[in-house]
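Participant: Here is how the chains run, residue by residue.
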Amino acid sequence: MANYLLRRTIQMVLVVFIATLAIFFLLNAAPGGPTSGLNQNGDLRTRLGEAEIARLERSLGLNKPLVLSYAIWLFGEDWVDDLGNLLGHPDLNNQLLFSGTWRDYQSPTCDDAGGTNANSDPGKPAPCNRGIIRWDWGESWSLASGQQVTTVIGSRVSNTVILMASVAVVSLLIAVPIGIISAVRQYSTLDYAVTTFSFFGIAMPVFWFGLLVIIFFGLQFREWGLPYFPTGDVFTVRVLPGSIQDVLGIEPKSFMDRIIHLVLPVSVLTLLYLATWSRFMRGSMLEVLRLDYVRTARSKGVREIVVIVKHAARNALIPLVTIVVFQIPQIFGGAIVTETIFNYPGMGRLFFDALQFNDWPIVMALLFITAILVVIATLIGDVLYTIIDPRIRFE
Amino acid sequence: MTVTQINLDALQEDAQFTTKPESMLKIYWTRLRRHRLATMSLFFLAVLILIVGIGPLIMQNFTYYNVSKGEYLTYTRDTQDLLSRNAAPSSTHPLGTDELGRDILFRLLVAGQLSLVIAFSVTILSETFGTFLGAVSGYYGGWVDSFIQRLVEFIIILPTLPLLLVLSAFFRDFNIEAIPPEWSQAVVLIAILTGLGWTGSCRLSRGMVLSLRNQEFTEASKALGLSDIKIITKHMMPNAIPPIIVNATLNLGLVILAESSLSFLGFGIQQPVATWGNMLQDVQKDMFTAPWKALIPGVMIFITVLAFNYLGDGLRDALDPRLKL
Chain A
0 MANYLLRRTI QMVLVVFIAT LAIFFLLNAA PGGPTSGLNQ NGDLRTRLGE AEIARLERSL
60 GLNKPLVLSY AIWLFGEDWV DDLGNLLGHP DLNNQLLFSG TWRDYQSPTC DDAGGTNANS
120 DPGKPAPCNR GIIRWDWGES WSLASGQQVT TVIGSRVSNT VILMASVAVV SLLIAVPIGI
180 ISAVRQYSTL DYAVTTFSFF GIAMPVFWFG LLVIIFFGLQ FREWGLPYFP TGDVFTVRVL
240 PGSIQDVLGI EPKSFMDRII HLVLPVSVLT LLYLATWSRF MRGSMLEVLR LDYVRTARSK
300 GVREIVVIVK HAARNALIPL VTIVVFQIPQ IFGGAIVTET IFNYPGMGRL FFDALQFNDW
360 PIVMALLFIT AILVVIATLI GDVLYTIIDP RIRFE
Chain B
0 MTVTQINLDA LQEDAQFTTK PESMLKIYWT RLRRHRLATM SLFFLAVLIL IVGIGPLIMQ
60 NFTYYNVSKG EYLTYTRDTQ DLLSRNAAPS STHPLGTDEL GRDILFRLLV AGQLSLVIAF
120 SVTILSETFG TFLGAVSGYY GGWVDSFIQR LVEFIIILPT LPLLLVLSAF FRDFNIEAIP
180 PEWSQAVVLI AILTGLGWTG SCRLSRGMVL SLRNQEFTEA SKALGLSDIK IITKHMMPNA
240 IPPIIVNATL NLGLVILAES SLSFLGFGIQ QPVATWGNML QDVQKDMFTA PWKALIPGVM
300 IFITVLAFNY LGDGLRDALD PRLKL
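Taken in order, these protein sequences are the chains called A and B. Just so you know, numbering that gives the first Met the number 0 puts the end of the first sequence at 394, numbered straight through with nothing missing. Just so you know, numbering that gives the first Met the number 0 puts the end of the second sequence at 324, numbered straight through with nothing missing.
For the record, the hints were derived by calculation from the structure and aren't laboratory data. A virtual CB, placed ideally from N, CA and C, is assigned to each residue, including glycine. One thing to keep in mind: the hints can contain errors.
With beta-carbon atoms standing in for the labels, derived distance ranges [unchecked claim]: (1) V298(B) <-> V168(A): 55 to 63 Å; (2) S22(B) <-> V168(A): 41 to 49 Å; (3) L49(B) <-> P226(A): 14 to 22 Å; (4) T149(A) <-> L49(B): 55 to 63 Å; (5) D291(A) <-> I50(B): 43 to 51 Å; (6) V143(B) <-> K252(A): 57 to 65 Å; (7) T232(B) <-> E49(A): 52 to 60 Å; (8) T8(A) <-> E218(B): 36 to 44 Å; (9) V168(A) <-> L56(B): 33 to 41 Å; (10) G224(B) <-> K299(A): 51 to 59 Å; (11) R257(A) <-> L24(B): 53 to 61 Å.
Some, not all, of what chain B presents toward chain A, calculated at C-beta under 8 Å [as the list claims (entries may be wrong)]: (12) R33; (13) G252; (14) S260; (15) G297; (16) N308; (17) D312.
Work out the full structure: start from the sequences and follow the hints.
Facilitator: Okay, structure coming up:
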């Protein structure tokens, strides 16, 4: 087992490395970028010139070849200068494989906590990039310009964990009974009813369903004079008359205020998860109910409810555990569409916004975190399989 | 000494004829019919494909009075009528018009064609490719297996929606000269969704082939001198079909949803080409004045995906070999 874990860990590192490499190249190959559109401003006086755009690109490190940019993202920038001096500055005929000489990419002042580049603004406050491997996640380009990526992510991650953990708990609490009921009463009206209920969430595009929910419980309720729900954010600044906080007497920024804000997004996401998990539970339950030991228990005269809950359901639950483990990345990564629709300040919306604003340091950081969480969750899932089913062995 | 010439192909055909009993289909059909909602869904989907397929062909022969142009025009996808924007359903526009005065019913039918073509192409391509690679992976084992499985893991690791966003932003202006622009946009989307979607069926078919590899009929085929590729395509892949069909049916619904989410976020198929997903773009601002604009395409997606899910559910029960009648 130790041997297996070691081999898997090495493979995990390799897979994450290749994945980030692929994503980094993909992001940089995509058209546009933070400086696109700067030279298209309608007003001549505010339009940036060629030189100004080139200066911006240098300050963001966009002028470097891709391989070097990736190396800087991963290992930091302080070695680039030394490496450049080591290689010397060849003339035009003896240039390196990729365009230009090292001089353009060097950052001589980097070690003195100057700018990130020789020609960049010397007053730039940020110290030299030390690379993601040395826990320097860089700083945001456009979304929260100048702020550390870790600060930006740190302000969002708790919101997402609260949201997604509630979703996981609520969905499990509903999905397991639904799965059991529809397996025990297969093809009954009850089965069709709960099946339809559990398919409800995955049969609708989540953005459309979210919009309908917002319009109905937020805007329509307000029109009808019913206590309406907040449709975005995590806290209320000021309680409006007629809203649900007003009716229930909830203080702004209190614990209950947060719960009220969670109601709509959690409901939408729960319906989404419910379908997969309850179908899985149903399938697994149907399988277990056909096994011999269940028949034995029944023939011994054990009451049906005990057979179902104690003998069958407990064993049927086991495979579900591995499915739930695969959701770990989502608990931190959030739900992109739902968070965007509900204007919920979590990781999912951060990703969407960062992509919209071409804020690559944030996008890369989020994808890096997700990739790591995915491989870890896969490993946990695989190890859990061996614990649950001793017939599966990994050498 | 005379060596009797064995007609391999004839033997194979015989073998296939006898190992593919027609009655199995009947058994599956009887089992599927026990799932009443699945049967209903099957009929609904057949009717839907028929309507979407021939509806526009019939409808384009009819004319309506275009207020802004002041003349009678035939129904088309893009013809605007700026003087009857967001018009409520009426006899001229059975499902109303959108913000540019385009007929929603006609757009809905054309959009249905594109959405369904995308769903079926992605599913057929990714399931075939995945099944083949999975069969190769399981049949050969060793480093081929390791390589394909690591590749699968790598693709699973790539975060789906973010990657879709980046890729479709990258290919947004991609155009194939020979085909109309809406189909070249669709080709890009199909390629992206296929490239990310084959991993599930690959794992499924690998599992099936691993158990089939050592059975007698495989050895018999080898002894008869059948090539590896023929064993994989003629004996391995057909045997892995039942779970793949279930997977494919559920996948059809997922592809429709993925396409609509992408189009809604502005990364999918662009206007004026219509899909059910991009008909929902920007509908929220007219939700109260023109609710049909948001409700109708959404409801179409909802019932279609629901039908695919019921059908997949029924097929899973019907094709389960452990289920006794």
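Participant: Give a verdict on every hint.
Facilitator: Cross-check of the supplied hints:
Remark: the range hint 55 to 63 Å for V298(B) to V168(A) is contradicted by a beta-carbon distance near 31 Å. The given range of 41 to 49 Å is respected by S22(B) and V168(A), whose C-beta atoms sit roughly 48 Å from each other. Between L49(B) and P226(A) the beta carbon distance is about 47 Å. The supplied range of 14 to 22 Å is therefore violated. Range check, T149(A) to L49(B): about 56 Å between beta-carbon atoms, so the 55 to 63 Å window is met.
About 49 Å separates the C-beta atoms of D291(A) and I50(B), a value consistent with the hinted range of 43 to 51 Å. Remark: the range hint 57 to 65 Å for V143(B) to K252(A) is upheld by a beta-carbon distance near 59 Å. Look at T232(B) against E49(A): about 58 Å separates their beta carbons, and that is inside 52 to 60 Å. Against the hinted window of 36 to 44 Å, the Cβ-Cβ separation of T8(A) and E218(B) comes to about 39 Å, which satisfies the hint.
As the Cβ distance of V168(A) to L56(B) is approximately 51 Å, the hint placing it in 33 to 41 Å is violated. Our hint of 51 to 59 Å for G224(B) and K299(A) holds, since their Cβ atoms are close to 56 Å apart. Separation of R257(A) from L24(B) is about 56 Å and conforms to the stated range, judged on CB atoms against 53 to 61 Å. For R33(B), the interface hint holds, the least distance from its beta-carbon to any beta-carbon of chain A being 6 Å, beneath 8 Å.
Checking G252(B) against chain A by beta carbon gives a least distance of about 7 Å; that is within 8 Å, so the hint holds. Nearest Cβ of chain A to the Cβ of S260(B): about 6 Å, under the 8 Å cut. The hint holds. A cut of 8 Å between beta carbons decides the hint on G297(B): the least distance to chain A is about 4 Å, and the hint holds. Hint status for N308(B): holds, given a least beta-carbon distance of 5 Å to chain A, under 8 Å.
With a least beta-carbon distance of about 7 Å to chain A, the hint placing D312(B) at the interface is held under the 8 Å criterion.
Comparing the model with each earlier hint shows violations of hints 1, 3, 9; every other hint is respected.
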